[in-house]
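These protein sequence lines are chains A and B, in that order.
Per the numbering used here, residue 129 is the first one in the first sequence, and the count goes up by one each step.
Per the numbering used here, residue 129 is the first one in the second sequence, and the count goes up by one each step.
Treat each hint with caution, since some may be false.
The list treats identical chains as one, so a pair stands whether inside a single copy or across any two.
Stated by the list, open to error - List of simulated lysine-lysine pairs, DSSO-like, C-alpha gap at most 30 Å: (1) Lys258 - Lys157; (2) Lys276 - Lys343; (3) Lys190 - Lys507; (4) Lys395 - Lys258; (5) Lys157 - Lys222; (6) Lys507 - Lys236; (7) Lys276 - Lys497; (8) Lys134 - Lys236; (9) Lys530 - Lys497.
By construction, these hints were calculated from the structure, which means they are not laboratory data.
Listed below are the residues making up each chain.
Number of protein chains: 2
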Amino acid sequence: MDLAYKIINDGSVTLPAGFLASGAIAGLKVSNAPDMALIFSETPANFSGAFTTCSFAAAPVKLCQQRVIEQPTLQAVIVNSGNANACTGAGGMKNAEAMADLTAAALKIEPGAVMVSSTGRIGVQLPMDKITSGINAAVAALDETGGKCAAEAIMTTDTCPKSMAVAIEIDGQQVTIGGMAKGAGMIDPKMTVPHATMLCYITTDAAIDNKLLGKMVADATEESFNRINIDGDMSTNDSLIMMANGVSGVEITAGSDNAEVFYNALKALMQQLARAMVMDGEGVTKFVNIEISNAATEADAKLAANALANSLLCKTAWFGCDPNWGRLVAALGYSGAEFDPGAVVIHYDDQPVVMNGQDAGVPEAELAKVLQQREFSVKVNLNAGNAGYWMWSNDISYEYVKINAEYHT
Amino acid sequence: MDLAYKIINDGSVTLPAGFLASGAIAGLKVSNAPDMALIFSETPANFSGAFTTCSFAAAPVKLCQQRVIEQPTLQAVIVNSGNANACTGAGGMKNAEAMADLTAAALKIEPGAVMVSSTGRIGVQLPMDKITSGINAAVAALDETGGKCAAEAIMTTDTCPKSMAVAIEIDGQQVTIGGMAKGAGMIDPKMTVPHATMLCYITTDAAIDNKLLGKMVADATEESFNRINIDGDMSTNDSLIMMANGVSGVEITAGSDNAEVFYNALKALMQQLARAMVMDGEGVTKFVNIEISNAATEADAKLAANALANSLLCKTAWFGCDPNWGRLVAALGYSGAEFDPGAVVIHYDDQPVVMNGQDAGVPEAELAKVLQQREFSVKVNLNAGNAGYWMWSNDISYEYVKINAEYHT
Numbered sequence: 129m130d131l132a133y134k135i136i137n138d139g140s141v142t143l144p145a146g147f148l149a150s151g152a153i154a155g156l157k158v159s160n161a162p163d164m165a166l167i168f169s170e171t172p173a174n175f176s177g178a179f180t181t182c183s184f185a186a187a188p189v190k191l192c193q194q195r196v197i198e199q200p201t202l203q204a205v206i207v208n209s210g211n212a213n214a215c216t217g218a219g220g221m222k223n224a225e226a227m228a229d230l231t232a233a234a235l236k237i238e239p240g241a242v243m244v245s246s247t248g249r250i251g252v253q254l255p256m257d258k259i260t261s262g263i264n265a266a267v268a269a270l271d272e273t274g275g276k277c278a279a280e281a282i283m284t285t286d287t288c289p290k291s292m293a294v295a296i297e298i299d300g301q302q303v304t305i306g307g308m309a310k311g312a313g314m315i316d317p318k319m320t321v322p323h324a325t326m327l328c329y330i331t332t333d334a335a336i337d338n339k340l341l342g343k344m345v346a347d348a349t350e351e352s353f354n355r356i357n358i359d360g361d362m363s364t365n366d367s368l369i370m371m372a373n374g375v376s377g378v379e380i381t382a383g384s385d386n387a388e389v390f391y392n393a394l395k396a397l398m399q400q401l402a403r404a405m406v407m408d409g410e411g412v413t414k415f416v417n418i419e420i421s422n423a424a425t426e427a428d429a430k431l432a433a434n435a436l437a438n439s440l441l442c443k444t445a446w447f448g449c450d451p452n453w454g455r456l457v458a459a460l461g462y463s464g465a466e467f468d469p470g471a472v473v474i475h476y477d478d479q480p481v482v483m484n485g486q487d488a489g490v491p492e493a494e495l496a497k498v499l500q501q502r503e504f505s506v507k508v509n510l511n512a513g514n515a516g517y518w519m520w521s522n523d524i525s526y527e528y529v530k531i532n533a534e535y536h537t
Numbered sequence: 129m130d131l132a133y134k135i136i137n138d139g140s141v142t143l144p145a146g147f148l149a150s151g152a153i154a155g156l157k158v159s160n161a162p163d164m165a166l167i168f169s170e171t172p173a174n175f176s177g178a179f180t181t182c183s184f185a186a187a188p189v190k191l192c193q194q195r196v197i198e199q200p201t202l203q204a205v206i207v208n209s210g211n212a213n214a215c216t217g218a219g220g221m222k223n224a225e226a227m228a229d230l231t232a233a234a235l236k237i238e239p240g241a242v243m244v245s246s247t248g249r250i251g252v253q254l255p256m257d258k259i260t261s262g263i264n265a266a267v268a269a270l271d272e273t274g275g276k277c278a279a280e281a282i283m284t285t286d287t288c289p290k291s292m293a294v295a296i297e298i299d300g301q302q303v304t305i306g307g308m309a310k311g312a313g314m315i316d317p318k319m320t321v322p323h324a325t326m327l328c329y330i331t332t333d334a335a336i337d338n339k340l341l342g343k344m345v346a347d348a349t350e351e352s353f354n355r356i357n358i359d360g361d362m363s364t365n366d367s368l369i370m371m372a373n374g375v376s377g378v379e380i381t382a383g384s385d386n387a388e389v390f391y392n393a394l395k396a397l398m399q400q401l402a403r404a405m406v407m408d409g410e411g412v413t414k415f416v417n418i419e420i421s422n423a424a425t426e427a428d429a430k431l432a433a434n435a436l437a438n439s440l441l442c443k444t445a446w447f448g449c450d451p452n453w454g455r456l457v458a459a460l461g462y463s464g465a466e467f468d469p470g471a472v473v474i475h476y477d478d479q480p481v482v483m484n485g486q487d488a489g490v491p492e493a494e495l496a497k498v499l500q501q502r503e504f505s506v507k508v509n510l511n512a513g514n515a516g517y518w519m520w521s522n523d524i525s526y527e528y529v530k531i532n533a534e535y536h537t
């Protein structure tokens with residue numbers, strides 16, 4: 129069995145056959161940058177979604193959650209940036225439905241076959257005149273190479289669009305999965321699976337039923353977006369939507385070898401998008417792999433990983449290239465994970481930092497070299513069992529504070 | 129019954145009768161600032177303590193935890209700053225014991241009657257030659273007006289010493305409680321009661337047995353230091369030690385009116401010290417009262433308060449004077465507290481911000497005026513029951529990142 133897949137870095141949601149997309153300007157952003165994205169499948173597609181667990185879930189999230197349950201197939205996703213349509217009450221729900229209906233009418237498809245996302249400022253009603261003209265512009269601009277324009281239109285504080293694809297060969301035929309994501313702050317994996325921690329849209333020309341698609345989305349989310357943490361905050365609007373239109377003619381069935389091949393490719397794509405989100409995190413200068421090994425249980429390993437990934441003191445030390453393991457052990461110590469402090473071993477990449485709970489004796493200058501890299505690993509061996517967990521984290525810089533003190537959400 | 133107490137802002141741990149204190153230079157700090165503090169009771173004092181729950185608790189913390197159980201009385205507390213004696217293994221334990229023994233020998237008191245604290249860099253053994261000369265200097269400098277010198281000697285990133293006292297009259301006699309505290313980062317109230325979130329030393333000339341003292345320390349900690357959050361991190365060395373030497377001749381007994389009067393004064397003193405710590409938090413420009421009301425349960429109220437106090441996005445918005453209530457509702461939404469989002473009401477001081485989960489319609493410029501103050505309140509009415517909880521929080525500024533990227537702990 130061949131698990132190989134090919135990452136296509138300049139791919140997008142329109143690389144899989146049968147999908148069109150576009151980005152357009154509705155005029156919701158002061159900058160007048162593109163703020164309306166549309167993904168359209170020429171034929172009805174199976175689909176699945178995962179959404180924020182925040183109790184102030186935005187109106188479009190509530191609408192999508194309904195439609196995941198009620199709708200058999202999906203044909204379009206319309207997304208606006210610049211306004212979150214969150215905390216907008218009954219008027220907000222009406223506007224989210226209107227966004228879907230306007231898109232369906234312009235596309236001449238069934239009204240229920242449209243999902244809606246919004247991101248941006250909370251608590252302000254959508255200006256429906258601008259939304260309407262934006263939808264019409266996005267429908268008019270639909271194109272089979274429009275994936276990258278769509279990826280640009282969903283950006284808020286992101287500095288670059290996140291768009292990618294992955295290709296696999298199944299039974300001699302090519303199957304493609306395309307994806308785009310948005311998100312650079314308000315990112316934390318505290319949610320229960322399935323969930324999403326940002327906006328992410330995935331398309332594939334494989335044929336997969338909704339049940340298997342839902343399982344794959346949940347599992348791959350747990351192995352990608354649930355492992356990242358930028359600032360410990362979670363949004364009202366996090367959404368992940370995946371569509372499978374079957375245009376390739378290749379069917380993926382539960383338990384088959386093909387399902388394993390497909391899942392690995394999907395996971396790789398979602399991990400690449402998650403990595404790209406961390407790398408583009410607000411003010412991020414370091415990408416930090418956190419690896420916990422030999423924990424008593426996976427729950428302990430998760431507690432330990434989360435404590436490191438969430439610690440403001442660790443994140444600022446990484447920013448300062450300070451091989452400051454005191455903050456690491458302090459965070460491990462309050463994490464709630466069970467272990468013997470006197471048995472803990474920590475490495476920065478391959479440099480020992482802590483041996484048996486004490487300084488490993490490597491000169492600081494050597495350790496600082498590791499932290500001066502754009503990417504490095506913090507490896508913690510708890511010596512308490514056989515369980516492990518990994519996460520991707522980042523530093524917190526002046527720039528993070530600047531962006532979040534000045535950007536009014 | 130008179131619950132009145134008088135806060136004495138220029139008071140210190142030497143204001144209660146029978147206590148001496150001093151600050152001295154051991155030479156542990158690069159700056160050569162005072163780094164050794166000593167508090168001494170001329171007669172054996174009852175005492176109690178509360179300590180970090182971090183599993184990497186420092187050697188002096190372990191020693192103190194033993195002595196709280198084993199020792200009937202205490203006569204001295206010796207504290208060094210500049211080195212935490214944490215993650216230092218058996219050598220560290222030996223050094224903590226040696227610090228106590230050297231102090232006892234110099235003071236000619238029983239070796240077990242000394243408690244020890246250390247704060248500063250983690251993972252480096254104490255230079256015992258410097259410690260020894262520092263202890264000798266501190267003993268030589270003991271003075272009945274030495275409380276403020278002691279408060280200065282325990283500082284690390286603090287910008288000012290935190291020293292205070294409170295006086296009460298009981299049965300026509302004056303009873304005094306003095307206190308000093310240290311701590312400006314690594315502060316979070318995630319611990320179980322009893323615990324301390326920083327270094328704090330309290331003296332009183334009242335006569336109180338160890339059991340009642342322990343109960344009062346635990347309760348007052350819950351009402352003061354457990355309510356503050358600066359950066360969500362917790363230290364390996366947090367310690368609170370209170371001594372009661374009975375020199376005033378006033379006895380405080382459990383369940384008496386006097387106990388209530390005394391407890392209220394103690395709580396007021398600890399709250400003043402906790403406030404001073406938040407105000408002096410690393411890079412702090414805003415003091416934020418978080419008040420949760422009408423929660424379904426106190427646990428829900430605590431979850432909601434903690435989510436706001438811990439949110440990096442809220443803290444940076446406060447720094448930016450951004451009346452950004454979207455981040456408030458996002459944090460409440462992921463807090464885990466149970467409530468109806470459509471019933472939530474939020475005020476900044478007396479300005480309504482959110483009514484029934486939606487924008488209250490007050491112009492941003494009006495709201496921004498509230499946030500431009502050095503101190504303001506975020507009042508959240510969850511409309512879900514009768515429980516409440518309050519916390520004191522702060523903003524996160526460029527300066528916080530600068531201090532923590534550059535200060536090597």
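Against the structure, the hints:
1. Taking the closest pair of Cα atoms, Lys258 and Lys157 come within 30 Å of each other only inside a single copy of the chain (11 Å); across copies the shortest separation is 61 Å, beyond that limit.
2. Proximity of Lys276 and Lys343 under a CA criterion of 30 Å is satisfied intra-copy only: 27 Å inside one chain copy versus 63 Å between copies.
3. Within a single copy, Lys190 and Lys507 get their C-alpha atoms only as close as 40 Å, which misses the 30 Å cut-off; across copies the closest is 27 Å, which meets it.
4. In the homo-oligomer, the alpha carbons of Lys395 and Lys258 never lie at most 30 Å apart, since the shortest distance is 37 Å inside one protomer and 56 Å across protomers.
5. Taking the shortest alpha-carbon separations for Lys157 and Lys222, only the intra-copy value of 22 Å comes in at or below 30 Å, while the best inter-copy value is 63 Å.
6. Taking identical chains as interchangeable, the C-alpha atoms of Lys507 and Lys236 are never at most 30 Å apart, the minima being 54 Å within one chain and 48 Å between chains.
7. In this homomeric assembly, Lys276 and Lys497 never come within 30 Å of each other (Cα to Cα): the closest approach is 37 Å inside a single copy and 42 Å across copies.
8. Taking CA atoms no more than 30 Å apart as the test, Lys134 paired with Lys236 passes in neither setting, with 35 Å inside one copy and 76 Å between copies.
9. For a Cα distance limit of 30 Å, the shortest separation of Lys530 from Lys497 qualifies both inside one copy, at 27 Å, and across copies, at 20 Å.
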